[in-house]
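Q: Read top to bottom, the protein sequences are chains V and A. The first sequence begins at 1 in my numbering and counts up by one. The second sequence begins at 1 in my numbering and counts up by one.
No lab work stands behind these hints: they were computed from the structure. Any given hint could be a false lead.
For lysine to aspartate or glutamate, the following EDC-like pairs were computed, each having C-alpha atoms within a straight-line distance of at most 20 Å [what the hints assert, rightly or not]:
no., chain 1, residue 1, chain 2, residue 2
1, V, LYS123, V, GLU89
2, A, LYS253, V, GLU101
3, V, LYS21, A, GLU254
Chain V regions said to be covered by chain A (calculated; three or more residues, Cβ under 8 Å) [said to hold, decoys possible]:
no., stretch
4, 38 to 45
5, 55 to 61
6, 167 to 173
7, 221 to 234
Here are the in silico distance ranges between beta carbons for each label pair [as the list claims (entries may be wrong)]:
no., chain 1, residue 1, chain 2, residue 2, range
8, V, ALA113, A, ARG251, 49 to 59 Å
9, V, LEU45, A, HIS174, 23 to 33 Å
10, A, LEU72, V, GLU33, 34 to 44 Å
11, V, ASP31, A, ILE111, 50 to 60 Å
12, V, SER142, A, ALA199, 37 to 47 Å
By construction, the Cβ of each residue, glycine as well, lies at the ideal position given by its N, Cα and C atoms.
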Amino acid sequence: MSALSFKGVSKTYVSSHLGRKTVSRGVSDMDLEVRPGEVFGLLGLNGSGKTTTFKLALGLLSPTAGEVRVMGLEPRDPKALAAIGFLPELPYFHGFMTPAESLRFYGRLSGLAGAELEGRMAKTMERVGLSRWALRPMREFSKGMVQRVGLAQAILHDPALIILDEPVSGLDPLAIKDFRDLLQSLNGQGKTIVVSSHSISELEKLCHRVGILKEGRLARVLEQKEWSKGLEALFVDTVRPERLREGRG
Amino acid sequence: MIVLALNHWQENLRNRFFILALVFSGAVLYLSMLMGLLATDQEVRVLLDFGLSFIELLGLAGAVYAASTVLLREMETKTVYMVLTRPVRRSHYVLGRFAGIMLSAGAAMLIMSAAHLMILMLKGWAWTPLYLWALLGAFLKVLVTASLALFLALFSTSVLSSLTITMVLWSLGHFLPEIRLMARRYGHDSSLLMAPLNAISWVIPDLQLFNLRDRLDVPAHLAVSVPVGSWILYAAAYCAVWLTLSALLFRRKEF
């Protein structure tokens, strides 16, 4: 069974203003299977449908056509949601709260309580390097530290599938390396990871497979062995508009 | 649901919301003392009226603002994504946030009323348990108005429009018996005009029902009946309708 599957999924947004309807496309006719235990990357230009894909997987959006399944379940099924950990792009935490308080809140929402919750919190904060700052208000935190709290809330309940939207956006090189190491170690424990990023080199280092989105369509899925000479050229070749490709030729 | 309510409460505590409420209530109550001094022979009466009105208005402002903005704020900051991607029912999210808002508003009103009571006692006011019922009435007014505000915030496209509609309906809510009387009396002559009036009389809350303030200074030998049971039933039914509609709307909402 796939960790995440999309079958013929399309999502169109319809908005109306003063009686005028505007239809825009999020994703079109998407077929995708994410295998259990793999790290799958989503690569695409701005507006190519990466965030829409994630929102469909998380049940925040419903598909206009097709079927999305998480571990074989509807995305909004509580069992599916319990198996997912999600880190949105640039997560926000209340500045007056501490990481410990925030994690306690998210842990309780995931059904954890008592000694189990406290134990998981301590372990997760240790893992993401937050233990020393557990009781400090988050308004004092750098972007990298906030991102660590974001990752901690995503893995606190030990989910089987971790979805990360631009996890290294705005991080310094050292924080990026720490993040990569952590994700690799989570994958080593059998976790399935789906990650989007604008950083091609990061996806190259981290992923087993990469899907390239172009104008809402999954234009190509590449296996690790296919980018031995570099993912960038393959990506550019896939997303570059036709006329530019012809001009280059 | 309880986790979400307590989280809202905790965030408000950390925001120094209550310290602000306390400082502001002190300032406002001081103002009502000054007004009391202007009405020399009615000082305590004016102090009682103004104080209770201010407590209600401040509680209302806090609760309605929070109900109108909570979802929009959580969508902008994406915190709602981190909550709804957990095994949390969307109806529980709506109810939990609403409970948190009311917990904060209720606590702020209690703090303000403690300060108010202290000033009243210092001015020689004779304690009556009716004060507590008047405070409960004010809280129930805030409660029903906030439930309406939460629904309107889900329905409307901007905070300003939902706040404006809520405040218009809140104002009309103090004249509901008059509106119903008008609809009954003139409904036969102009059904076209009265139809919307009739319809709106079912939407707006009957806030006059909870007003005990006007009867607080009746002489002790004249018993004032307080229909607390019907107050609570009415408020519960009114909130249940708007919160159910809010939960249904929120279930269908896409992010």
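Q: Could you run down the list of hints and mark each one as holding or not?
A: Hint check results:
About 24 Å separates the Cα atoms of LYS123 of chain V and GLU89 of chain V, which puts this hinted pair outside 20 Å; it is violated. For the given pair, LYS253 of chain A sits about 28 Å from GLU101 of chain V by alpha-carbon distance, which is inconsistent with the 20 Å threshold. The hinted pair formed by LYS21 of chain V and GLU254 of chain A meets the criterion: a straight-line CA distance of about 18 Å does not exceed 20 Å. Counting residues of the stretch 38 to 45 of chain V whose CB lies closer than 8 Å to any CB of chain A gives 0, so the stated coverage by that chain is violated, three being the minimum.
Here's how the stretch 55 to 61 of chain V fares: 5 of its residues keep a CB closer than 8 Å to some CB of chain A, so the rule of at least three is met and the hint holds. Note: the stretch 167 to 173 of chain V has 0 residues with beta-carbon separation from chain A under 8 Å; the three-residue rule is not met and the coverage is violated. Only residues whose C-beta sits within less than 8 Å of a C-beta in chain A count toward coverage, and the stretch 221 to 234 of chain V has 0 of them, not enough to reach three; the restraint is violated. At about 26 Å, the beta-carbon gap between ALA113 of chain V and ARG251 of chain A misses the expected band of 49 to 59 Å.
Taking 23 to 33 Å as the suggested C-beta distance range, the pair LEU45 of chain V and HIS174 of chain A does not conform, at roughly 56 Å. Taking the beta carbon of each, LEU72 of chain A and GLU33 of chain V are about 36 Å apart, inside 34 to 44 Å as hinted. The hint said 50 to 60 Å for the Cβ distance between ASP31 of chain V and ILE111 of chain A, and at roughly 58 Å that hint holds. For SER142 of chain V and ALA199 of chain A, the Cβ-Cβ distance of about 55 Å falls outside the hinted range of 37 to 47 Å, so the restraint is violated.
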